[in-house]
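Chains as they are written, first to last, in the numbering used here: chain D, 379 to 642; chain V, 114 to 313.
Any given hint could be a false lead.
Said to hold, decoys possible - To give a feel for the contact side, a few chain V residues facing chain D, derived at Cβ under 7 Å:
1) L189
2) C200
3) Q203
4) F204
5) M207
6) F208
7) K211
8) R276
Said to hold, decoys possible - Straight-line Cα separation of at most 25 Å, DSS-like style, residue types lysine-lysine; simulated pairs:
9) K214/V to K417/D
10) K284/V to K528/D
11) K636/D to K488/D
12) K148/V to K561/D
13) K528/D to K289/V
14) K405/D to K211/V
Don't read these hints as lab results, they were simulated from the structure.
All values derive from a computational prediction rather than experimental measurement.
Glycine included, C-beta positions come from ideal geometry on N, C-alpha and C.
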Amino acid sequence: MEIIISSIIILVSLGILIALFLGISSKIFFVEVDERIQKVRELLPGNNCGGCGYAGCDSLAEAIVKNEAEVNACPVGGESVANLIAKVLNKKSILSNKKVAVVHCNGSCKNVNKLYEYKGFRSCKLLANMQNGGDKVCRFACIGCGDCVKVCSFNAIHIVDGVAVVDEEKCTNCQKCISACPKNLIDKKLYSIKTKVLCSSKDEGKIAKNLCNVSCIACKLCEKNCQSDAIKVINNVAVIDYSKCVDCGVCSEKCPRKCIIKAE
Amino acid sequence: MTFLMMLISSALVSNVVLSRFLGICPFLGVSSSVKTARGMGIAVVFVVFISTLATFLINKYLLEVGGIFGIDLTYLQTIVFILVIACLVQFVEMFLKKYIKSLYNALGVYLPLITTNCAVLGVALTVVDNVKYPTLIYAIFYSIGTSIGFFIAIVLLANIRERIEYNDIPKAFEGKPIVLVAACLMSIAFYGFSTLNIGG
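Only chain V is shown next, with the shape it has when bound in the complex:
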């Protein structure tokens, strides 16, 4: 039950884009059509899961006091995580190109783009700060929930944007402004989930 709560709370209640303002760049950048938004969303789910797994283990066995070095190196978290995420994305790209060509083609250009997606780093950093449940299984569920939240947000916005195309928009709002307005309204709608009060 706690796992389910964890998933819902990280995907909807504290949605990574709409209530924590992480990953806004791809959220606005690649949401012009549902197809590309879906590709980006799937790639993010994939990378967030793998990178959180790796950074959690690195933090636990390398940087924390109980690690190999025996000294507190947690102040290096940010820079080490960036390094690890960049490396992992490269590695995953190579692996997919060799063994799962279809997935590589489907993700396309979005896979290397994710290296600079701050949602990925944000999830990795918040997971290791989780004092309440400092276990790997919770880190995995949290990362999956958060990335699914990103997927939901970007696909919803892409759907809205496709419908906006067919409407008569005042000249001053054409293009990006109306997208920002739509994103704001979505954010307000997602704010309603905070009354769910399911903990986690």
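Isolated chain D (complex conformation):
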């Protein structure tokens, strides 16, 4: 009997002490949460993709409320979300420069030959470490196993004829595919500008010409004809500076290899 009573007394008093301790410390360590953070958080898409450069939607909401980030910082939500957030925070909305992913390769099955027949687990990461960095003769080509397709939460990237192609309408610039590509072929571009370079072969012109039907051979015709100084041949491949490009389409007309494309 004594044991029961003493143990009950000790445990009850210990429980009360701990409850008091936790109650007091929750008052001392109370962190004020801004109501607006919660509201902004609810407006954000909630994919936690990290495309904005913050750890997730929670930290972006906090940054927006603290004025560390713009209201249009969320690349996934785009203009509509930016407008809603601006309304919550009583701010003017800024027109967002929508960006989309672009795959700098057009080495489809008919444009580039296979070096060997690979029959195993289909993974770009795996194949990138094999002979020639993939089963195609061009070692810079898209492997086409679809690692980017797997990570895309928006069904915006697909493998078409052995090459990844971005659906610009669906793409939200969350940049998951950019980090998933072991060949570093994917980059972002402005949605409004339709001109894009579909090659990233850093081989010299002569070699690149033999490997692929649509390879950039670094002839610099595009660079010479560009009026706005926006396209440059760097490391044997043409690169567009989207801050200068006016989308005139001269480079795609002049390109003898048809590796610069202006989509309609």
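Guided by the hints, dock chain V onto chain D, whose structure is given.
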């Protein structure tokens, strides 16, 4: 030297997960990627250290014969320790949220999860039963060693699991079964450490 032996023996020779079968739930549950496994491991090291410190002192000055009450209350160890660990985890969470926000974000959901991690309670209970070295400094080294053992085990398993993803596994073994097989093989490998015979 004894401290070093203590660390090695508690981390490797009698590894908390692989040879004492404590904390299996988080070991299998959150080891699907190295990143989360690392978060869980660090959180466990942190909580085990603090809770062992607290429970050792409570046991010595409250529950044992030489304590404040003067009577033997060691039969209350389990329930009191659970109470204290749960309270401490809550307190640590509040403290981190206020003062070390980055660590709080890094540990994330794993911090409150640890309340029910049996490795934490297991360490607290075995430390106070240590008759050979009943001092605080040994309790601290033992707790650090054991939790580092947990960290090593969970990060190793997470690495193995990430590699398993790329392999062709028979249909019957897909998912959890192959993880259990991997854990068993790890356990057998760690069994080899028992021949070290370093005492402690």
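Taking the hints in turn, this is what the structure says about them:
1. Taking 7 Å as the C-beta contact cut-off toward chain D, the hint placing L189/V at the interface holds, the least distance being around 6 Å.
2. A least Cβ separation of about 5 Å between C200/V and chain D falls short of the 7 Å threshold, and the interface hint therefore holds.
3. Taken as an interface hint, Q203/V checks out: its beta carbon lies about 6 Å from the nearest beta carbon of chain D, inside 7 Å.
4. Here the hint on F204/V is kept, as its CB sits about 6 Å from the closest CB of chain D, short of 7 Å.
5. Contact between M207/V and chain D, as hinted, is supported at the beta carbon level, the nearest pair being about 4 Å apart and thus within 7 Å.
6. For F208/V, the interface hint holds, the least distance from its beta-carbon to any beta-carbon of chain D being 6 Å, beneath 7 Å.
7. Look at K211/V: its Cβ gets to within about 4 Å of chain D, closer than 7 Å, so that hint holds up.
8. Interface restraint check: R276/V against chain D, minimum CB-CB distance 11 Å, threshold 7 Å, status violated.
9. Straight-line distance between C-alpha atoms of K214/V and K417/D comes to about 21 Å, which keeps the hinted pair within the 25 Å bound.
10. For the hint linking K284/V to K528/D, the alpha-carbon distance of about 21 Å falls within 25 Å, and the restraint holds.
11. Annotation: proposed proximity of K636/D to K488/D holds, straight-line Cα distance about 14 Å (limit 25 Å).
12. A hinted pair counts as satisfied when its Cα atoms are at most 25 Å apart, and K148/V with K561/D qualifies at roughly 23 Å.
13. Between K528/D and K289/V the alpha-carbon distance is near 22 Å, which keeps this suggested pair within the 25 Å criterion.
14. Restraint check: the Cα-Cα separation between K405/D and K211/V comes to about 11 Å, which is no more than 25 Å; the hinted pair holds.
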